[in-house]
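There are 2 protein chains.
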Amino acid sequence: MCELLGMNANVPTDIQFSFSGLVERGGRTGPHRDGWGITFYENKGCRLFRDPKPSIDSEVAKFIQGYSIKSCIVISHVRKANRGRICLENTHPFTRELWGQTWSFAHNGQLRGIKRWPCLYYQPVGTTDSEHAFCWLLSEIRHQFPQRPSRSVALSRFIQSRVQQLHELGVFNMLMSDSRSLFTACGNHLSWITRRAPFGPARLIDADMEINFENETTPNDVVTVIATRPLTDNESWHTMRAGEFQVFRKGEPLPRLQSPSRPSNI
Amino acid sequence: MCELLGMNANVPTDIQFSFSGLVERGGRTGPHRDGWGITFYENKGCRLFRDPKPSIDSEVAKFIQGYSIKSCIVISHVRKANRGRICLENTHPFTRELWGQTWSFAHNGQLRGIKRWPCLYYQPVGTTDSEHAFCWLLSEIRHQFPQRPSRSVALSRFIQSRVQQLHELGVFNMLMSDSRSLFTACGNHLSWITRRAPFGPARLIDADMEINFENETTPNDVVTVIATRPLTDNESWHTMRAGEFQVFRKGEPLPRLQSPSRPSNI
Numbered sequence: 424m425c426e427l428l429g430m431n432a433n434v435p436t437d438i439q440f441s442f443s444g445l446v447e448r449g450g451r452t453g454p455h456r457d458g459w460g461i462t463f464y465e466n467k468g469c470r471l472f473r474d475p476k477p478s479i480d481s482e483v484a485k486f487i488q489g490y491s492i493k494s495c496i497v498i499s500h501v502r503k504a505n506r507g508r509i510c511l512e513n514t515h516p517f518t519r520e521l522w523g524q525t526w527s528f529a530h531n532g533q534l535r536g537i538k539r540w541p542c543l544y545y546q547p548v549g550t551t552d553s554e555h556a557f558c559w560l561l562s563e564i565r566h567q568f569p570q571r572p573s574r575s576v577a578l579s580r581f582i583q584s585r586v587q588q589l590h591e592l593g594v595f596n597m598l599m600s601d602s603r604s605l606f607t608a609c610g611n612h613l614s615w616i617t618r619r620a621p622f623g624p625a626r627l628i629d630a631d632m633e634i635n636f637e638n639e640t641t642p643n644d645v646v647t648v649i650a651t652r653p654l655t656d657n658e659s660w661h662t663m664r665a666g667e668f669q670v671f672r673k674g675e676p677l678p679r680l681q682s683p684s685r686p687s688n689i
Numbered sequence: 424m425c426e427l428l429g430m431n432a433n434v435p436t437d438i439q440f441s442f443s444g445l446v447e448r449g450g451r452t453g454p455h456r457d458g459w460g461i462t463f464y465e466n467k468g469c470r471l472f473r474d475p476k477p478s479i480d481s482e483v484a485k486f487i488q489g490y491s492i493k494s495c496i497v498i499s500h501v502r503k504a505n506r507g508r509i510c511l512e513n514t515h516p517f518t519r520e521l522w523g524q525t526w527s528f529a530h531n532g533q534l535r536g537i538k539r540w541p542c543l544y545y546q547p548v549g550t551t552d553s554e555h556a557f558c559w560l561l562s563e564i565r566h567q568f569p570q571r572p573s574r575s576v577a578l579s580r581f582i583q584s585r586v587q588q589l590h591e592l593g594v595f596n597m598l599m600s601d602s603r604s605l606f607t608a609c610g611n612h613l614s615w616i617t618r619r620a621p622f623g624p625a626r627l628i629d630a631d632m633e634i635n636f637e638n639e640t641t642p643n644d645v646v647t648v649i650a651t652r653p654l655t656d657n658e659s660w661h662t663m664r665a666g667e668f669q670v671f672r673k674g675e676p677l678p679r680l681q682s683p684s685r686p687s688n689i
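Just so you know, the sequences run in chain order A and B. What the first sequence shows, in the working numbering, is residues 424 to 689, in sequence order. What the second sequence shows, in the working numbering, is residues 424 to 689, in sequence order.
Just so you know, these hints were derived from the structure itself, not from any lab. No experiment lies behind these values; they were computed from the predicted model shown. It is possible that part of the hints are untrue.
The list treats identical chains as one, so a pair stands whether inside a single copy or across any two.
With a straight-line cut-off of 27 Å between C-alpha atoms, the simulated BS3-like cross-links for lysine-lysine are [claimed, not checked]:
1. Lys467 - Lys673
2. Lys485 - Lys538
3. Lys673 - Lys503
4. Lys538 - Lys493
5. Lys503 - Lys467
6. Lys538 - Lys467
7. Lys673 - Lys476
8. Lys503 - Lys485
9. Lys538 - Lys673
10. Lys538 - Lys503
11. Lys493 - Lys476
12. Lys485 - Lys467
13. Lys493 - Lys467
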């Protein structure tokens, strides 16, 4: 298994505090020593840092912890390999371009038989189940919508329908972005919290770090953080249900599309 | 205009010495202050660092200069914007996936009218001529070869034929890789040097730095460095001719495919 971390905000925000918690899970407070990665969106642009080393020992991770990159959408992942050897090309997040937008994807779980599913437009570079699932999912989206649909709800609904198919293969916790929205799917473990004014203090579970967001924000900021397990112990996180699909935009959870049926194998 | 730097080696090699020369051209010894980027291949995996800040002022560039990343193929670029504003998505190198391989591309020059050329399979994320040219070129390759051709010479020959078309639009100096080969095209300025045993000292033109490669290498290492202008002043660089196309693999220049006709506008 792996651990996921995502952020969606209405103003460019740095994720150093939450990322510091995740990094600890990559070798110290958690067993996820098989690489890590992070994507930062800056409008349509996307920065991707990946390293097959444990995040806790990674010079690149240390650099990211000390260098403020402000972004409205972030996806990060620390890996515990189950399928695919430890190497750069098997390290999440994975990225591809569709409709002139950079999509990125990170996954936690196992998907039995996914490699038999066809990838029409995108091919995996590495050998993980996860990248194969991403290539299949993005191929499905491209096949359904050769051009970007004008209604974003049509896109979200379609992604949700295909995510439901992936749930049938095993455990599928996902963070994915097209540079505009953050799409999240819960197979078994995913929680989120939306912070807004009045902001208060937050204390990491995995490291001796505390912050008062009141000093870091303006009254109009809205920031959602999503993680496999809550990162702080003095705030109230929303725990997603198995099979739940949630889209975030401009820092806010969007209204639920429909109540999905519970996947049969969970 | 911009400046390019590439490396191809038969063993994973770090490019810190040459990169230090390029970084100086990104704001100190050269006017290329509009962003910079670098891709490092590690087998099929690819690391991409990009920053819209001048390389000379970039914290990310400082990190790369101080952190040894060993790679067999590297592509780097410092930008002087002519088309497309200064932002992350307009920063080279650009990357896309084809046949389960990560392709990366950097360009120096201008291409009049390129935006009218069709991009069938890949769409630009930003607004540069360069990314459009890459999307067109990769779409042409994909259209011609839906699967990777078994003979790499067929691929090289096809790329060369399409690069000839790009030369017709203006100035096209290019570095491109599919993770196996480094493809280079000279529009007006591109030089390279192949270093092999017996190795000797090298001195940067743009910074007060000298190195003796004898202390850094083994007798079997073969390393080619390609740059817009030579980076050292005590070695003999090969200056490419306008219209020249050269493929490098395992550190060595491959035999020339054919003598291309000189582009009409150079």
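Evaluated hints:
Proximity of Lys467 and Lys673 under a CA criterion of 27 Å is satisfied intra-copy only: 14 Å inside one chain copy versus 35 Å between copies. In this homomeric assembly, Lys485 and Lys538 never come within 27 Å of each other (Cα to Cα): the closest approach is 35 Å inside a single copy and 41 Å across copies. Within a single copy, Lys673 and Lys503 get their C-alpha atoms no closer than 31 Å, and across copies no closer than 33 Å, so neither meets the 27 Å cut-off. In this assembly of identical chains, the alpha carbons of Lys538 and Lys493 never lie at most 27 Å apart, being 36 Å within a copy and 31 Å across copies at closest.
For the identical chains of this complex, Lys503 and Lys467 are inter-copy neighbours only, at 20 Å across copies versus 30 Å inside a copy, given an alpha-carbon limit of 27 Å. Only between protomers do Lys538 and Lys467 lie at most 27 Å apart by alpha-carbon distance; the minimum there is 19 Å, versus 30 Å within a single protomer. For a Cα distance limit of 27 Å, the shortest separation of Lys673 from Lys476 across copies, 26 Å, qualifies, whereas the shortest one inside one copy, 32 Å, does not. In this assembly of identical chains, Lys503 and Lys485 lie within 27 Å of each other by CA distance solely inside one copy; the values are 19 Å within and 30 Å between copies.
Proximity of Lys538 and Lys673 under a CA criterion of 27 Å is satisfied in neither setting, with 34 Å inside one chain copy and 32 Å between copies. Proximity of Lys538 to Lys503 under the C-alpha cut-off of 27 Å is restricted to the intra-copy arrangement: shortest distance 19 Å within a copy versus 44 Å between copies. Within a single copy, Lys493 and Lys476 get their C-alpha atoms as close as 24 Å, and across copies as close as 14 Å, so both meet the 27 Å cut-off. Taking CA atoms no more than 27 Å apart as the test, Lys485 paired with Lys467 passes in both settings, with 26 Å inside one copy and 25 Å between copies.
For the identical chains of this complex, Lys493 and Lys467 are intra-copy neighbours only, at 14 Å inside a copy versus 30 Å across copies, given an alpha-carbon limit of 27 Å.
Comparing the model with each numbered hint stated earlier shows that hints 2, 3, 4 and 9 do not hold.
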